[in-house]
Amino acid sequence: CIMNAAVADFTPKVVSDRKMKKRDQNLLIELKPTVDILQTLGAQKQHDQILVGFALETNDGEHYAIDKLQRKNLDLIVLNTLADAGAGFKTETNKVTMIDKNLQKTETKLKSKAEIATDICQKIIQLL
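First residue of the sequence shown? That's 1422 in this note's numbering, and the numbers climb one at a time after it.
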């Protein structure tokens, strides 16, 4: 299972059943944590399944990625960072670090997102 969707970390605590008009001044929206789909899947993972997650970090990325890898029972985590020019959002290229459950790191160079996807698939095949 490859979990690459960017699910919101938080969701509104109360959902309005009506359109909220502009005249509703001083609008305060309380948030609650969204159910962690990846952690739920990690808790239910069978020995013959491989679970891959993604992490986008802005600082201390490797530390947080390893924490997520271990906490959520992942086999592989793909770390994206916004620190590298030409990588991330609004660009056709990316650069990632893949970390497996044995904490073996594979860093890619800056290349097309299609090539990054191929690298990720090849890494998953190695884990099979």
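Everything labelled a hint here was simulated from the structure, so no lab data went into it.
Please note that the accuracy of each hint is not assured.
Said to hold, decoys possible - Derived pair list, reagent style DSS-like, types lysine-lysine, alpha-carbon separation capped at 25 Å: (1) K1466 - K1434; (2) K1532 - K1516; (3) K1526 - K1493; (4) K1522 - K1511.
To be verified - FRET-style restraints, in silico, Cβ to Cβ: (5) A1538 - H1468: 23 to 33 Å; (6) L1524 - I1546: 38 to 48 Å; (7) T1432 - T1512: 44 to 54 Å; (8) R1444 - Q1543: 23 to 33 Å.
All of these numbers come straight from a predicted model, not from anything done at the bench.
Built from N, CA and C at the ideal position, the CB exists for glycine as well.
Against the structure, the hints come out as follows:
1. Our distance criterion of 25 Å between C-alpha atoms is broken by K1466 and K1434, whose separation comes to about 29 Å.
2. With a C-alpha separation of about 7 Å, the suggested pairing of K1532 with K1516 holds against the 25 Å cut-off.
3. Annotation: proposed proximity of K1526 to K1493 holds, straight-line Cα distance about 18 Å (limit 25 Å).
4. Between K1522 and K1511 the CA atoms are separated by roughly 30 Å; this puts the pair beyond 25 Å, and the hint is violated.
5. Checking the proposed 23 to 33 Å range against A1538 and H1468 shows it holds: the Cβ atoms sit about 26 Å from each other.
6. Hint check: L1524 to I1546, Cβ distance near 19 Å, so the stated range 38 to 48 Å is violated.
7. Hint check: T1432 to T1512, Cβ distance near 29 Å, so the stated range 44 to 54 Å is violated.
8. A hinted range of 23 to 33 Å for the beta carbons of R1444 and Q1543 is inconsistent with their spacing of about 56 Å.
When each numbered hint is compared with the structure, violations occur for hints 1, 4, 6, 7 and 8.
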